[in-house]
Amino acid sequence: MNLPVIIKFVIDLLAVLLLALGIKGLSKVKSARDANRLAAFAMSLSVVGLLSYYLGTSGIAIQAWIWIIIGSIIGSLFGAILAKKVPMTSMPETVALFNGCGGMSSLLVALGVAIFPISSGQENFDFFKSLINEVSISVSIFVGAITFTGSIVAMAKLQGWLSTPGWTQSKVRHFVNIVFAVASLIAFFDLINGNTSSIWLLVIVSSLLGIGVTLPIGGADMPVVISLLNSYSGIAAAAAGFVVDSQLLIVAGAMVGAAGLILTQVMCKGMNRSLVSVLFGGSLSAQSTASSGSGEYTNITSCSVEECALTLEAANKVIIVPGYGLAVAQAQHTLREVTKKLEQSGIEVVYAIHPVAGRMPGHMNVLLAEADVPYEQLKEMDVVNPDFPATDVVLVLGANDVVNPQAKNDSSSPLYGMPVLDVQEARTVFVIKRGMSAGYSGIKNDLFDLPNTSMVFGDAKKVLNDLIGELKDLGVGEK
Amino acid sequence: MSFISLLWVLLLGSLLGLELIGKVPPTLHTPLMSGANAISGITMLAALTLIVKAEGNVPLLIIGSVSLGFALFNVVGGFFVTDRMLAMFSRKPSNKK
Chain A
1 MNLPVIIKFV IDLLAVLLLA LGIKGLSKVK SARDANRLAA FAMSLSVVGL
51 LSYYLGTSGI AIQAWIWIII GSIIGSLFGA ILAKKVPMTS MPETVALFNG
101 CGGMSSLLVA LGVAIFPISS GQENFDFFKS LINEVSISVS IFVGAITFTG
151 SIVAMAKLQG WLSTPGWTQS KVRHFVNIVF AVASLIAFFD LINGNTSSIW
201 LLVIVSSLLG IGVTLPIGGA DMPVVISLLN SYSGIAAAAA GFVVDSQLLI
251 VAGAMVGAAG LILTQVMCKG MNRSLVSVLF GGSLSAQSTA SSGSGEYTNI
301 TSCSVEECAL TLEAANKVII VPGYGLAVAQ AQHTLREVTK KLEQSGIEVV
351 YAIHPVAGRM PGHMNVLLAE ADVPYEQLKE MDVVNPDFPA TDVVLVLGAN
401 DVVNPQAKND SSSPLYGMPV LDVQEARTVF VIKRGMSAGY SGIKNDLFDL
451 PNTSMVFGDA KKVLNDLIGE LKDLGVGEK
Chain B
1 MSFISLLWVL LLGSLLGLEL IGKVPPTLHT PLMSGANAIS GITMLAALTL
51 IVKAEGNVPL LIIGSVSLGF ALFNVVGGFF VTDRMLAMFS RKPSNKK
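Just so you know, the protein sequences line up as chains A and B, in that order.
Okay, so the first sequence: first residue is 1 according to the working numbering, each after it adds one.
Okay, so the second sequence: first residue is 1 according to the working numbering, each after it adds one.
Calculated from the structure, these hints are not laboratory results.
Small disclaimer: the values here were computed from a predicted structure and weren't measured.
It is possible that some hints are incorrect.
Stated by the list, open to error - Straight-line alpha carbon distances no greater than 27 Å define the calculated DSSO-like cross-link-like pairs of lysine-lysine that follow:
hint: 1; chain 1: B; residue 1: K23; chain 2: A; residue 2: K28
hint: 2; chain 1: A; residue 1: K379; chain 2: B; residue 2: K23
hint: 3; chain 1: A; residue 1: K30; chain 2: B; residue 2: K23
hint: 4; chain 1: A; residue 1: K340; chain 2: B; residue 2: K23
hint: 5; chain 1: A; residue 1: K171; chain 2: B; residue 2: K23
hint: 6; chain 1: A; residue 1: K461; chain 2: A; residue 2: K408
To be verified - Partial pick of chain A residues on the chain B-facing surface, computed with a CB cut under 10 Å:
hint: 7; residue: G75
hint: 8; residue: F388
hint: 9; residue: Y416
hint: 10; residue: G417
hint: 11; residue: Q424
hint: 12; residue: R427
hint: 13; residue: G469
What the hints assert, rightly or not - Simulated restraints, written as ranges between beta carbons of each label pair:
hint: 14; chain 1: A; residue 1: Q377; chain 2: B; residue 2: I4; range: 22 to 28 Å
hint: 15; chain 1: B; residue 1: F3; chain 2: A; residue 2: S412; range: 36 to 42 Å
hint: 16; chain 1: B; residue 1: E55; chain 2: A; residue 2: G160; range: 21 to 27 Å
hint: 17; chain 1: A; residue 1: V276; chain 2: B; residue 2: F3; range: 28 to 34 Å
hint: 18; chain 1: B; residue 1: A87; chain 2: A; residue 2: V179; range: 42 to 48 Å
hint: 19; chain 1: B; residue 1: E55; chain 2: A; residue 2: Q377; range: 47 to 53 Å
hint: 20; chain 1: B; residue 1: F3; chain 2: A; residue 2: S170; range: 39 to 45 Å
hint: 21; chain 1: B; residue 1: A87; chain 2: A; residue 2: S411; range: 43 to 49 Å
hint: 22; chain 1: B; residue 1: S2; chain 2: A; residue 2: F116; range: 32 to 38 Å
Beta carbons: idealized from backbone N, C-alpha and C, even for Gly.
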């Protein structure tokens, strides 16, 4: 072993250690920010390690430097700009987009190696070795392509650029996807048999498979898909590691792949969905329209902002249930104003966060943190559920399915079994909502019919602004 | 590096990943996903290798460079956006228990 090899070995080892510590630290609130920086540092370290290795051995041509710099500057610049500009509400789409690009990168590496085999130093042809090479190239292309197209479709659906086409809800889609899968398998074997041109077939059909698998998946299940695709991008990176013979890539890719799978599992549990039903069950709304979509509301009580303010003034304990609608209305800051007033007059306020509030688990926490809501006021579902009977007022803002008592009471409901917040146990529930439209699942919400529920119709931000005015008139929050 | 030892690396790396994410508070699901996502951009090393070993083959240089761009878009964007999210959690003094 010569010096550059040893240096690279040490740096790689250090990078792996730091990346592992980074992932570990990211799962604790206190250490998360430092852990993220640590992981970023480990990544830059690994680049330095690789470049210094090549400088010390084969050298790096000027031409190569130019292309390295062009690629780096363009990629980093766009990444940094997007990361700075994107609003917090669009976080799931952003993660999907970044993820897709990671997959694309692995795909391109494998494609490049496949079309122009790089000299690996030792020229002795070995059947076993070339077989492994072809397999890892195929896996890298297959997973990379699925990650890319799947993520782009996920992003487009979350952005509302794409809706779920009707045919994807029928059984036809299984047939179509099986055709794509079989075609990729054929391309794969053809490739191993030495037919290099079938690599293009593999690229095309695995891209189509990524689209075909993601397109039928409905809104609420999207976060699970993004998490799964995140795991895939790790697998794609590990496969690329086999292509270029890099242990660091394999370790890091495998870590991300495995961690992504665990996270996916956690999310599925939060929604009471199995991974299989998310991937193959189609969207929830399509199944439910037939069964319980016909329910009519019979006992809606609507009330004014003024009444709502009066009830709030008299309360001792208030629980806020925020949903994605709140974030869309950009009302989290206004909400914070309201709760500040309540707190100032001695009313206890907590926020009940359902595991899938927002568009992604943990998304709502980020949005509320953006509005300066103290972290301790955010209560997880299991912690807050026993508190509802002792609560005077619950404010439901832009949340719907997560407060539907059907999930507990009605075994015929598609929501049945999903963990929900037991808001109906509280003395009074105010639901602030634009109209009577159904939630993500498209299912009627029995909560709205209950006698202790009052609807306050209007845009969340406007209602909250009015509420601030009313509370001011009542002298709430004046010290 | 022999194929078998690379497989060992794959296996141990996967086990490590499974072990690292034990109990994650829901608050951190989004940042964790986006942080892990940034790490998957490690494939930038493969893109670098491709460029260095291209030996003047221009199409390969271009593929490598585009691949590097995509990977760095993933890495830089991912880490920045994760930092932005986490900054919101740690901003308040009341957060320190």
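Structure-based check of all given hints:
Restraint check for K23 (chain B) and K28 (chain A): satisfied, since their Cα atoms lie roughly 9 Å apart, inside the 27 Å limit. Between K379 (chain A) and K23 (chain B), the direct Cα distance comes to roughly 17 Å. Compliance with the 27 Å bound is thereby established for this hinted pair. For a cut-off of 27 Å, the pair hint linking K30 (chain A) to K23 (chain B) stands: about 14 Å separates their Cα positions. Restraint check for K340 (chain A) and K23 (chain B): the C-alpha separation of about 32 Å exceeds 27 Å, so the hint is violated.
For the proposed pair K171 (chain A) and K23 (chain B), the alpha carbon gap of about 37 Å is over 27 Å, so the pair is violated. In summary, the hint linking K461 (chain A) to K408 (chain A) is not supported, as the alpha carbons are separated by about 30 Å, beyond the 27 Å threshold. Proximity of G75 (chain A) to chain B holds as hinted, the smallest CB-CB distance being about 3 Å (cut-off 10 Å). For F388 (chain A), the shortest C-beta to C-beta distance to chain B is roughly 19 Å, which exceeds 10 Å, and the interface hint is violated.
A least Cβ separation of about 22 Å between Y416 (chain A) and chain B goes past the 10 Å threshold, and the interface hint is therefore violated. Because the beta carbon of G417 (chain A) sits about 19 Å from the nearest beta carbon in chain B, more than 10 Å, this interface hint is broken. Because the smallest distance between the Cβ of Q424 (chain A) and any Cβ of chain B comes to about 23 Å, over 10 Å, the interface hint for this residue is violated. This hint is violated: R427 (chain A) has a C-beta 27 Å from the nearest C-beta of chain B, more than the 10 Å allowed.
Here the hint on G469 (chain A) is broken, as its CB sits about 27 Å from the closest CB of chain B, past 10 Å. Evaluation of the 22 to 28 Å hint for Q377 (chain A) and I4 (chain B) yields a failure: the beta carbon distance comes to about 53 Å. In this structure the supplied range 36 to 42 Å is violated for F3 (chain B) paired with S412 (chain A), their Cβ-Cβ distance being about 54 Å. Against the hinted window of 21 to 27 Å, the Cβ-Cβ separation of E55 (chain B) and G160 (chain A) comes to about 47 Å, which falls outside the hint.
Between V276 (chain A) and F3 (chain B), the C-beta spacing of about 32 Å keeps the proposed range 28 to 34 Å intact. Roughly 47 Å separates the CB atoms of A87 (chain B) and V179 (chain A), a value that falls within the hinted 42 to 48 Å. A hinted range of 47 to 53 Å for the beta carbons of E55 (chain B) and Q377 (chain A) is inconsistent with their spacing of about 60 Å. In this structure, F3 (chain B) and S170 (chain A) meet the distance hint of 39 to 45 Å, their C-beta atoms being roughly 44 Å apart.
One distance hint, 43 to 49 Å for the beta-carbon pair A87 (chain B) and S411 (chain A), holds here, with the actual separation near 44 Å. For the pair S2 (chain B) and F116 (chain A), the beta carbons lie near 25 Å from each other, so the given range of 32 to 38 Å is not met.
Hint check: violations occur at hints 4, 5, 6, 8, 9, 10, 11, 12, 13, 14, 15, 16, 19, 22; the rest are consistent with the structure.
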